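Participant: Given these sequences and hints, build the entire structure.
Residue numbers (our numbering), protein chains in the order written: chain A, 450 to 769; chain B, 24 to 957.
To be clear, the hints were calculated from the coordinates, so they are not data collected in a lab.
Given the structure is predicted, the values throughout are model-derived calculations rather than measurements.
Be careful, since some hints might not be right.
Stated by the list, open to error - Far from chain A, by Cβ distances over 12 angstroms, these chain B residues were calculated:
#	residue
1	Y36
2	E64
3	S153
4	G154
5	N155
6	V284
7	R314
8	S329
9	G336
10	P415
11	M574
12	N723
13	T769
14	S778
15	S955
16	A957
Unchecked claim - For lysine-lysine, the following BS3-like pairs were computed, each having C-alpha atoms within a straight-line distance of at most 25 angstroms:
#	chain 1	residue 1	chain 2	residue 2
17	B	K30	B	K78
18	B	K78	A	K531
19	A	K671	B	K820
Idealized CB from N, CA, C, for every residue including glycine.
Residue-level listing of the chains:
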Amino acid sequence: MTLEKTYFRPRSIGEAVRLAAEYETDLRYLAGGTDVMVNKFQETDTSTCLIDLTGIEAMKQTQQKNDHLSIGALVCLDDLKKIPEISAEFPLLLEAVQAVASPVIRKTATLGGNLLCENRCAFFNQSEWWRQAAGFCLKCNGATCLATGGTLNCFSKFASDTAIALVGMDATITVLDKEAEYTVPLEEIYTGDGLDPRKLDKTALIRSIELPIGRGFRSVFKKLRHRETLEFSSLTSVVTIDQIGQVKIVLGGVDPKPVVVIGTIADDKNELIKKAIKKARIVDNDVYSRLYRKEMIGVYLNKSFEELEQADFLSNKLAS
Amino acid sequence: MERIKFKINGKQYELLVEPHEMLSAVIRDKIGLTGTKIGCEQGTCGACTVLADGKPVLSCIAPALRFDNAEITTIEALAQNGALHALQQKFVDKGAIQCGFCTPGMVMTALDFVNHHPNPSTTEIKEALSGNLCRCTGYKKIIEAVAEYAAEAHRPIRFSKPNKSHLHTSVGVSRPYIEAGRKASGAAEYADDIHVKNALHCKFLRSIYPHAKIDRIDVSEALKLEGVRYIATGAELPVKFGVLPISQDETAMAIEKTRYVGEIVAAVAADTEAIAAAACRLIKVEYRPIRPFLEIDDSLRDIGDSEKIHDYGKFNNNVHKKAELRFGDQQQGLREADVTAKMTFKFEGVNHGFTEPHAATAFWDENGLTIYTATQVPHYLHRALAKTMEVPLSRVRVIKPTVGGGFGGKSDPFPHEVIIAHLARKTGRAVRVRLSREEVFLTNHGRHPSVMTVEMGISKDGIIQVLDADIVIDGGAYGSFGVVTSYYNGVLLQAPYKLDNFGFRTYRVYTNKPQCGAMRGHGAVNSRFAVESLIDELAYQINMDPCELRMKNFLDSNTLTVGQYRITSNGSRESLQKVMEQSEWKKRIGKLPAGRGLGVGCGFFISGSALPIIWNELPQSVVHLKLDFDGRVLITSGASDIGQGSDTMLAIIVAEVLGIDPEKIFVLAADTLLTPVDLGSYSSRVTFMAGNAAKDAAENLKKEILRVVSAHFETPESELNLANNRVFSNDKSADLSWLEAVDRLTAGRGAVSVSGKYISPKLGGDFKGAGAGLSPSYSFGACVAEVEVNPDTGQVKVLQVWGAHDCGKAINPMAVEGQLEGSWHMGIGQVLSEQMRYFNGLLINNNFLDYKIPTTLDTPDIHTNIIETIDPEGPFGAKECGEGALHPVIPAVTNAIYNAVGVRITKLPINAEEVLRQMKAIKVLEATQELSLA
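Facilitator: Written out as structure tokens, the structure reads:
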């Protein structure tokens, strides 16, 4: 267990970022902490300063701003279903939330925290002792990836289910760091490098998540996991189609970042699916094999398109 | 340290807390509210759930400092003025509590849920509780308790009175465990809840190599750390131990070499756990790795110039034990059989997954060594500690506190118990230890990974003609119960079906992995799976209903098996009949929609081993009763209640014989100083053996009472009755209340003590190996499962399980149901998701996130049936119910998969990938056949 030396619980975003700038070399922001505290227990996170954001009320607000809904990053996953705009316009997000961890964890875990969930690997999410015994992997400053035997790339899995849903709905996030506040499409913060999976300043925190209102997303969410609860994803797939016919495929759990394929309803869906399978850099770092997960991408996406078509058919039928 | 102020259960606290301290640690260790449990340290099991400002929080992953000014509610706050909260009471009344370790977290989660969902559906309850793991109950009674509480919660009375309807009941009537209230309220003390004054904390340094010579251990830097009181290494504890006298192959710490990754190499006693852990990191060990043996095949082969894991056996390999028995000539039998089938099966290792991690505290005083520890077998630990500490047996006292589940995983003497005894002696202080969940998994002793080829022959009309099994089991680094396991894999195939021609050979090999041992259903679970799969296969081959085939072959009651097991009561047929009816087998088999199927499995198990592990002439169980002036009967018994309800069973039996309320009985159990020897909670022996001893003792006490009452009233003893808390003659000329009778008995004499015992009858043949699996009685059972297989993914969902188990007589039906439901749930885990996965000898899934015990949502609807056959020798006809039920459920599920999609499962756990692959192969085959037909 890492013995943190410092713990802060600031009451404002400004104070949090100020503290972060001061302790920049060795800090970890803490939202719900359901991911961070386990990583600290296993010592895959050895930062010695914790800045606990849960006292910042301003980050728990949700409001409609012009053409988008802005969700505070500290809204608990479990509380999202209580926000009528989300149920009405973005049920996909609620489906994803329901697939995260367990009900008790969702009462503490936050949306912002889930987006920043650390990438996972069977050989990395282990105690310090275990990793020493196994031989430290690339992600803990070792020389070799234990999943692939390679020495260059870490393919730790992208673990956030809500991010997959949000990227599917073209969400942006508002980030604040010691230099500036800026808004960026969510998918752009993910690097695809398993060692350093997020392109964010050390002092950066997500203030809010913005979802575009009125895009009329139709969507299908699927998650491959061994048990029906508790599990991190072995494959999360989202397909969305918006009003103007943009098709977006987003995959989680099969690459160090969300795998995104964009097309239109006019495109050959088989081609889109092929593209998604090709893009996913899956390695054997999960309870399911690489090949099975790869095969399941096709199965899940085909099924998703079928379900969307069926829903279309039904709604057309209802309309007529 | 930072100052924190918060209210816990309405009381204001102001404390100094470290930034890295979790709320659970503060609640338990600083405030002393030990009702909140720590089962996994990673927010997965839910045992640590508390409410913070009214919201459920997993306190083991919540930094304490976050809760400045918060109001925390723990399980201890729910009961008020001596009355349990209605939800707690519901858990008690419904039998939703077995070991009780998950109960506090489960109750807190359920309470919050019902507060927000006053009229929940069963599905909603399952969903809400899906982050709280229970290993004992199969969740069924927990879900029922929550549902009933929710249904009644609108009533204005928040605190309900305990349900007293059970007061005048005894054998055969459901009754909550006598300690259930204590478990529900958080008051029950488990090993880690017991705080002996001024105790040091122990942490271990564990090997990072599977097989390595230890050249040097340097503890000098670690010793310099302030607060470190003692560091022990292997050489200080050279005496070998093990649960079986023939496998004394383990030392408390590795001495010259390590044999698995995770073996203890050094132990630190320090002022705090953190200091002890820090000191472990400063210990330098120079290892010289040698060739590890990680797979069964490697250990079977001649190893050339490499070093064996143990200097054991005359061959140059790592075979630990070969067990072989043959009745008849199997090869000839197979040649002569009408139809034969042969299959090879592979099983991954599985772990008990009890929710309470191992924990213990040891100290020495004028009485020698005392240890509080989470154990199933105080007696064997007593012997092992005397041996390793090199003190007389009379200088060791083992006390079993409340134990949070065992399932065989707490039935060996363990290194951590020996080490803290040693550290306590060296430091003159009490020393405590609690293992992390990762350490619990490394300690293992779980079910052996196995490979077996089994061949069976049957006649065209479905009579089993021959069975031959060739088995290899992977024992890991040490012996444990392995010699018994080796035999059980074979011998426990000679029932429940008639077999004249039967043989097996089992090899147990050592490998450089954590050792395997006894786990629920010991030894026979995997080989039973093989046989039940083969029977299913053969039934399809001869086009006979698999249930019908089984019915045709069951052994009768009062018969001998081929290996001379004495079968007395036998409810095989009734069990199978029951699940066939309930599942509407005949109506539905073969007529389910695509992808759905029904499967069946049967099984049997011993009701206690007729032979003790350590040969001696002591009875297998002794129970003492003391009756004093207050009318209370004190039962003292060495039997270990680990959540299965044995304390309650003893009370019910004694109450029945004496005709008094169980409330007049106090059970003092499992303290080797105070209680007479019982061999422990293993081999499903407690109800049969300790129950019989308790019955014997109670009858002896009854005789004493009858004697004085008869003399006083000059009424023949045969005219007297003990019932309804009275002693009375048939004509009522004598009619005394219980207390009046006690007054007569104790007059001029004082407290009366009597003793009772159980000694198994002499059983079995006189050939070598005849003793394995001998039992005074056997349980029998059957399961039908219904599954759904996803055609696109190969994923299997178990929809329903119908189970029936012949337990002879259900002394406490609610407890029996709980054992059955828990067994079926555990079997579903083994078939669907549980396995110990290794990477170069290193256990990958050493936590409750990655070791996949089924949650509420993964557990099917379970239909429970108790079959009673009234065993002639069991106490009131009772026999075992805690292990045997596990056997049939696993093949029932896989046979249902075969029925659904034609895929024969030969590897456990089921792998969706493999199911899918085989489904595709079948499609290709069918297409080719169609083509060739066309």
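Participant: Taking the hints in turn, state whether each one holds.
Facilitator: Now for the hints, and whether the structure bears them out:
no.	hint	in the structure
1	Y36	holds (18 angstroms)
2	E64	violated (6 angstroms)
3	S153	violated (4 angstroms)
4	G154	violated (3 angstroms)
5	N155	violated (7 angstroms)
6	V284	violated (5 angstroms)
7	R314	holds (17 angstroms)
8	S329	holds (21 angstroms)
9	G336	holds (29 angstroms)
10	P415	holds (38 angstroms)
11	M574	holds (36 angstroms)
12	N723	holds (51 angstroms)
13	T769	holds (54 angstroms)
14	S778	holds (49 angstroms)
15	S955	holds (28 angstroms)
16	A957	holds (29 angstroms)
17	B:K30 x B:K78	holds (14 angstroms)
18	B:K78 x A:K531	holds (15 angstroms)
19	A:K671 x B:K820	holds (17 angstroms)
Of the hints listed earlier, those the structure fails to meet are numbers 2, 3, 4, 5 and 6, in rising order.
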